[in-house]
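Peer 1: Listed below, chain by chain, are the residues.
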Amino acid sequence: MSHTSVLRTVFAVATLTALTACSLVGTSGTNDANGKDVVLVTHDSFVLPKPLIARFDRESGYHLVVHAAGDGGTLTNKLVLTRSNPTGDVAFGVDNTFATRALDAGVFSPYDVTLPPGASRYLIPGDDHRLAPIDNGNVCVNIDTTWFRAHHLTPPRSLGALVKPAYRDLLAVPGATTSSTGLAFLLGTIGKYGDQWPDYWKALLANGATVTDGWSQAYETDFTQGGGHGRLPIVVSYDSSPAFTVPKGATASTTKALLDTCFRQVEYAGVLAGAQNVTGAEAFVDFLLSPEVQRALPDAMYVFPVRSGTPLPTAWARYAVQPTHPLTVSPADITAHRDEWLRQWSDLVSQ
Amino acid sequence: MRRLLTLAATATIPLLVLGIFFVIPVGGMLREGFVQDGHLDLGGVAAVLGRPEIQRAVWFTLWSSATGTLLACALGLPAAHVLHRLAIPGRTWVRALLVVPFVLPTVVVGVAFELVIGRGGPLGRLGLDGSAIAIIAGLVFFNASVVIRVVGGAWESLDPRPAEAAAALGASPWRVLRDVTFPALRPAIVSAATVVFLFCATAFGIVLTLGGLRYSSVETQIYLLTTDLLDLQAAAALSVLQLLVVTGLLVAAARARRTPDATVAHSHVRLRRPRAGDVPALVLTGVLVVLVALPLSSLVVQSLRVDGTWSLANYRALQTPGSHQALLVPVTTALVNSLRIAVDATWMSLLLGLSLAMIVTRRSRTRAEHRLRSGLDGVFMLPLGVSAVTLGFGFLVTLGSPPLDLRDSPLLIPVAQALVALPLVVRILVPVLAGIDDRLRQAAATLGASPLRALTVVDLPVVWKPLLAAAGFAFACSLGEFGATSFLVRDDRPTLPVVIYRLIGHPGDLNYGMALAGSVVLGATTAVVMLVVERLRVPSVGTL
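Going line by line, the protein sequences match chains B and X.
To convert, note that position 166 of the first sequence is 166 in the numbering used here; the numbers rise steadily by one, no gaps.
To convert, note that position 432 of the second sequence is 432 in the numbering used here; the numbers rise steadily by one, no gaps.
Treat the hints as calculated values from the structure; they're not laboratory data.
Predicted model only: the values in this text are computed from it and were never measured.
Misleading hints may appear alongside valid ones.
[As the list claims (entries may be wrong)] Derived pair list, reagent style SDA-like, types lysine to any residue, alpha-carbon separation capped at 25 Å: (1) B:Lys-248 with X:Ser-172; (2) B:Lys-50 with X:Leu-71; (3) B:Lys-36 with X:Arg-490.
[What the hints assert, rightly or not] A few chain B positions that, by computed beta-carbon distances, are all more than 10 Å from chain X: (4) Gly-70; (5) Asn-77; (6) Tyr-200; (7) Gly-228; (8) Ser-241; (9) Thr-254; (10) Asn-277; (11) Leu-312; (12) Ala-332; (13) Asp-333; (14) Thr-335.
[Said to hold, decoys possible] Okay, the calculated bits of chain X under chain B, using three or more residues with CB under 8 Å as the criterion: (15) 104–112; (16) 184–196; (17) 336–350; (18) 398–411; (19) 502–508.
Where is the CB? At the ideal position from N, CA and C, for every residue including glycine.
Isolated chain B, as found in the complex (with noise of 0.2 Å):
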């Protein structure tokens, strides 16, 4: 063996040796030796503030582990499947687009939760304390009024604006199939439109909306005010996103939602039916109604707290405008319509 080859065995056996350092065979999935875990079931979306999280671990006892994945249908959908089996104890974000699929199919057992103030309105009609109302948002058209400014066009104010030719190739919508905010602006187009809402699309479309994967392709890459500066100024977004569009030093924002183009999104928390771990899954769902947590919302999920009185970050209170009439479908209609929609839509959308 000459010097080099002996250099070069020394370098493999290090190599392998690193890398034997690397695996994860040993190591343990399941920390939960003791029963104290509660095991969140939610979508990417889900977020809270560490030290929250710590707060409940300490107050409560348990020890809380997050499984999330998907937006909000293929969370439902997941609970659905796993009904019988369910992968956690405690579900959030399944919201009112999606929360009747779940109902009937069992996925929730009840929790006669303490409902906190203002709470109670965002209930779904018929459902006997299973889904706890957390927290609610708007989607809604959302405009960049510099870019209308700069070029000198009059913003549009409806939905109805939205087909004119003034407006050609100016909007970004996130798609129906691919997104819960997609799903929750079709849901708004129905709510005004009624019967006639495949039509709408039709001229909505044939006036060159740009129909994207997701939300953050719509807002992010294609919105002129996201984080890409694409170059659309008309996007489907929230009431919410106007407080994350204030320059730094500015009194203003960029941006701006509609009011008369918004549906109402509710999220839900709920106890799964077979959960291993129901009182620690009953201690989530009332953690998730605190003040402490609904006042973290806004930061965290961009989305405004069910509780009345909880106060809101100073960009929020100023410049995320909620609508007080947003449009609506009826759970019962949802329900007994969701899929032909989005049949419906979807060949409207394909070539």
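Starting from the known structure of chain B, arrange chain X on it as the hints suggest.
Peer 2: Positioned in the frame of chain B, the structure of chain X alone reads:
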């Protein structure tokens, strides 16, 4: 008899893994779809397949994947020649660069392509945004490196003497290529094309992100049916269709791979200088490098821009969990998680891949044995042809109760990733192992070498380099895997692609910038791993 027992013993572990992590989950989803109230109900299948949107999706999948595969081969084959046979300065660097797209999350590729072909980009005038051309370009962008790796490995160790002899006898370079080189490389080319076709046909993010939802493929339909409509019967019908088409493709590929004389002499070949005849190949390689480098460089540039000036702020922020608590852990922690998982996924796919490759390439005594061996080869390609959604949901439905209570096992993610990487490993190893003359092993045995000794003296020296290449590719495959991982991952132990996806989904300029910076880090890590792997050598155990 002993041969068959050895065969069975070698095949047991791979088959067990495939059974638990593929057959059971996919079977579980098919059962959810077809069994209603305890009865098998296939009535809806014909109706589903007759729907116009489903037929459109099937047609689009077939033609876009075929076109994508052809173009990936058209650009990848010349590049394999240039990067594996010619003495070109910096060729290992170019090779590493071309693998980067393979690991990038599709949502980031969407951003990168938008920067190039979007209305403001350098190619914005062409109006490709949201077109089928953009989708196909994306498919080629992702998959060209598969062709280069799989074919390049075989090409590298191809004996140059037959080609030289043909040239000396007056054959034109084109004739040599057509009559000598291509027949010898055919198994590798068919292998690569098959894998690329499967990747194209199951590409999900690319079709949605670059096509702006105007196009739907079988994969996006399955996704829609499963995650939105919960129409599991229709999804199951499509999954069966997918399985049938893939099986047909694999059978055809196995036929096409079969060469009249499977033993092609292989040896270590010295690289040669480029000649005039190499110009077309060099040009096509250049085209591919531009296709890959343009979106990647826009991505790098964008990740370095903050508020209109140059800055490293996005990169510094990777040590944090993002603004507005976008993440539970810093991005750097996710990178470490990714690397650790990739190490496991790599050794698993190598172990399984090596056993499979050995099973497949041993000479069969009977026709039945031959069928059995090549059948096994095909079976392990099936996971590539099945939707990640079906597999992901299947994991959740079937692997949650004893004796298979694996949903929370930390090894589930690497195993799932290893299954994705496995066909690549097998495809890289098989053409090389097939090239080893079985008589050498027999000679070694006659001279008194134990089977293990014969393995180290005959097989290992030839297989070592391709094995490293396969390891690098499996590692890259694992680093970039998103589909199955996103279903299984825990929030406090995310992988880098999962974190990037979450960052880009959260508002705020910093999160967006961090997503881009994270993607650059992911790409760079992959490139570095590929470079290191190519430099790893062991002293040859015995030279031939």
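Peer 1: State whether the coverage of the segment 184–196 of chain X by chain B holds or is violated, taking the criterion as 3 or more residues with Cβ-Cβ distances under 8 Å.
Peer 2: violated (count 0)
Peer 1: Establish whether the coverage given for the segment 104–112 of chain X by chain B is satisfied; the threshold is a Cβ-Cβ distance below 8 Å, and no fewer than three residues must meet it.
Peer 2: This one holds; 3 residues, not fewer than the three required, reach chain B with a Cβ under 8 Å.
Peer 1: Could you grab the alpha-carbon distance between Lys-36 of chain B and Arg-490 of chain X and see if it respects the 25 Å cut-off?
Peer 2: Holds, at about 17 Å.
Peer 1: Measuring Cβ to Cβ, find out whether Leu-312 of chain B lies farther than 10 Å from everything in chain X.
Peer 2: holds (15 Å)
Peer 1: Does the claim that Gly-228 of chain B lies off the interface hold, with its Cβ farther than 10 Å from every Cβ of chain X?
Peer 2: Gly-228 of chain B is in fact no farther than 10 Å from some Cβ atom of chain X, at 6 Å.
Peer 1: Beyond 10 Å from every Cβ of chain X: is that where the Cβ of Tyr-200 of chain B lies?
Peer 2: holds (17 Å)
Peer 1: So Asn-277 of chain B supposedly isn't at the interface. Is its beta-carbon more than 10 Å from every beta-carbon in chain X?
Peer 2: Holds: least Cβ distance 14 Å, greater than 10 Å.
Peer 1: Between Lys-50 of chain B and Leu-71 of chain X, is the straight-line Cα distance small enough, at 25 Å or below?
Peer 2: violated (48 Å)
Peer 1: Verify this label for me: Ala-332 of chain B is non-interface relative to chain X, using a Cβ-Cβ cutoff of 10 Å.
Peer 2: At about 18 Å from chain X, Ala-332 of chain B clears the 10 Å cut-off, so the statement holds.
Peer 1: Mind taking a look at whether chain B covers the segment 398–411 of chain X? Criterion is 3 or more residues with CB to CB distance under 8 Å.
Peer 2: Coverage by chain B holds for the segment 398–411 of chain X (7 residues, Cβ < 8 Å).
Peer 1: Does Gly-70 of chain B really sit off the interface, with its C-beta more than 10 Å from all C-beta atoms of chain X?
Peer 2: violated (7 Å)
Peer 1: For Ser-241 of chain B, is the shortest CB-to-CB distance to chain X above 10 Å, so the non-interface label stands?
Peer 2: Violated, since 7 Å does not exceed 10 Å.
Hint check: violations occur at hints 1, 2, 4, 5, 7, 8 and 16; the rest are consistent with the structure.
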